[in-house]
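Peer 1: In case you want the letters, here they are:
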Amino acid sequence: MTDWLAPEEWQAVALSLKVSFWATLASLPLGLFCALALARGRFIGRDVLNWLVHLPLVMPPVVTGYLLLLSFGRRGPVGAFLYDAFGITLAFRWTGAALAAAIMAFPLMVRAMRLAIEAVDPKLEEAAATLGASRTRVFTTVTLPLVMPGVIAGAVLAFAKAMGEFGATITFVSNIPGQTRTVPSAIYAFLQVPGGEASALRLVAVSVSIAIAALILAEWLSRRVARRISGG
Amino acid sequence: MTLDVHIRRDLGGFDLTTEFEAPEGVTVLFGRSGSGKTSIVKSIAGLLRPHAGRIVLNGRVLFDGEARVNLPVHERRFGYVFQDSRLFPHLNVRENMCYAARAGRRGASDPGSVAELLGISHLLNRRIQSLSGGEAQRVAIGRALLSGPDMLLMDEPLASLDGARKAEILPYLETLRRETGLSILYVTHNMAEVARLATHIVLIEAGRAVRSGAPDAVLTDPDMVRALGIRDAGAVLPARVAAQHEDGLSELQVSGGTLFLPSIAAPVGAQVRVRILAQDVMLARERPDALSALNILPVRITAVRRGVGPGVIVQMQAGSDRLLARITRRSADALGVTEGAECFAVMKSVAVSQTDIATGVQNGAPAQDVQSGSGLP
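Chain order of the listed sequences is L and P.
FYI, the numbering for the first sequence is 195 to 426, going by my numbering.
FYI, the numbering for the second sequence is 81 to 457, going by my numbering.
Where hints are given, some of them may not hold.
[As the list claims (entries may be wrong)] When the alpha-carbon atoms are kept at most 16 Å apart in a straight line, the in silico EDC-like pairs for lysine to aspartate or glutamate are as follows:
(1) Lys122(P) <-> Glu320(L)
(2) Lys122(P) <-> Asp90(P)
(3) Lys122(P) <-> Asp84(P)
(4) Lys428(P) <-> Asp369(P)
(5) Lys317(L) <-> Asp164(P)
(6) Lys246(P) <-> Asp164(P)
The hints are simulated quantities; they were obtained by calculation from the structure and are not laboratory data.
These figures come from a predicted structure and were not determined experimentally.
Work the whole structure out from these sequences, hints included.
Peer 2: Written as C-alpha cells, this is what we have:
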C-alpha cells in the first residue's frame, strides 16, 4: 500500500486526511446551523451572516491565514485566551491546520446544505405539524431526513476542499514536516528542491483522485436529494 | 363536536371577517375560488394566525385574540387533508399513515382498519411515488384519520383530481361520514360534492359567512343563487327508491310526487338524495301531456327573484320540499308566474347525488352521480 509513496509523502497524505476529517466533522454542526439560519431564518443581520460565511471564498487565502495568525496566534486575542485558559495552541500545530481548512471549506459546506434545505417543501412540515409533531419533532422526522443527502454532500465537498487548502494553512501554521505539512504544502516543498518532481507528481495524483472522487460522490448525493424531494 | 369560529384577518386585498358554527356532521364551507375558504380553514388549524377573534372546539379554546390564546398547530388535534396530498416522500405508505403515532405521539400505530375502510390495505408497503393521485389522496385521508383527530378539516380534497378519481374517492368519504361519526369541515366549490356530503352548509362570499343552515334550506334560497353560482343552483331532495322497472327505469318517490330515472344502483326502499338543477327545470301552467319528459311535479310558487339579466329565479314548494327553477323573464311574464300561483315543474334532468344505504360502499364505487335525463326517447 505504502510502497509507491515514500515515507514523508505518506506522512503528508495521512496528515491531510486527519486534518480534513476533523475540520469537516467539527464544522458540520455549525455549518448546518448557518445553512438553516440562511435558508429559513428571518432575522436582522442575515445578510451579514451570509457575507461572513462567504468571505473566505472571495478573500485571498493568504489574508485569511494572516488574520487567523493575528487572532489565534499565541499573542493574538483568541490564541492567548485559549492558551491561558486551556493550554491550547493552534498556531503551527495540526489543529491549526484543521481550523484553517475548516474556515476555507465552510462556504462550500453551507451552500450545499442551504440548497438542500431550500428544496424542502414547507408544506410537508405544515402537514407534519397538523399530525401532532412539535417543531423539533418536525425537524428531526421530516426536515432532517429530507436534507440528509444534502448535508452529506456538503460534508464531502468540504472534505475535498480541506484536502486542497494551501494558502491559509501555510500562512497560519507554516510547513512543518509531520506537524503541518499537508499534501499541498508537501507538493510545494518538493517543487522547491532539486529532484523533487517525482514526489510532487505522486502527491498530485493522490490529490486529483481524492478531488474527483469527492465531486462524484457529492454530485450523486445531491441528485439523490433532488429525487427524494421531488418524489420522482 | 361543535366548532365555533369567529375570526378577523386582513388578507391584503380584503378583510376576512367570518363567523359560523360547524355542528356535528359534515359542514361544508362553500364558496367560489378566492372567497377566503382556505384562509379560514388554515386559521382554524393554526397554520395562519387571525388578527382577532375566537376559535373554540367543543369548549376547548384554540384561539382567542383578546385572551392571547393561540394553541400551536400540533396541539389543536385536527386531522387536516390538503388539496395536494402532502405525503412524506421519504416514508412509505404505512409509515406515512402511522406518522402521527411516531412523531406526534398520538393516534394509532396500526393502519389496519382505516386502510380497509379506505381500500388501501394492499398499498401499505408501497413507496408513495408509485401511487396514483386518487390513491395518494386516500392515504392522506387515512393519515389524518389515524392521528386520532377531534375533527377532520378537508380543504378541497378532490380539487386536484380528475372526474374519474373524484368518483373513486367520494364513496369513501360517504363511508367515512357514516362509519366513523367524525365531524368534518369540508371546503369545496363543487356543488356535486356539497349535494353528496353536506349535512350543514356555510356559504362564504368575499371572506364572510353569508348564510348557513341545512342543505335543503340554503340550496333552495333564491337569494343565495348568486353566491352558489347560477349554474350550480338547484335543490337536493330526499327520495326513496320505490321500484326498479323492467324498461331500465328506477321509480323514485319524493314528497311532491314520483320521478323516473335510468336505473340507479340502489335496492328498492333505499333512501337517496336527488339533485335537480334550477336550469334543468321548466314551468308549465297546466299539466303538459304529449311531452317526452317523464318527470312532472305539481308545485306552488313561493318566491320569484328577478335579477339584472334576462333570468328569473323561481322557488317552488313541491310536497314538503322546495325546488328552484331558472327561467327567462319573458316566460315568467307570459305565464304569469307570481307568488302563490299553482304550476307544474317539468324536469329535464335529475341526478341522484347520494345514497344513504346502510350497507355502505358496494363493489368499491357505486355509480351514484349519474346525470340522467328523464326526457329519454
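Peer 1: Take the hints in turn and mark each one as holding or not.
Peer 2: Hint-by-hint comparison with the structure:
For the proposed pair Lys122(P) and Glu320(L), the alpha carbon gap of about 10 Å is at most 16 Å, so the pair holds. A C-alpha spacing of about 14 Å is found between Lys122(P) and Asp90(P), which places the hinted pair at or below 16 Å, so the restraint holds. Distance hint between Lys122(P) and Asp84(P) is fulfilled; the C-alpha atoms sit about 15 Å from each other, no more than 16 Å. For the hint pairing Lys428(P) with Asp369(P), the CA-to-CA distance comes to about 15 Å; that is within 16 Å, so the pair holds.
Of the pairs offered as hints, the one joining Lys317(L) and Asp164(P) holds, with about 9 Å between alpha carbons and a cut-off of 16 Å not exceeded. A threshold of 16 Å between alpha carbons decides the hint, and for Lys246(P) with Asp164(P) the separation of about 14 Å falls inside it, so the pair holds.
The structure meets every hint from the earlier list without exception.
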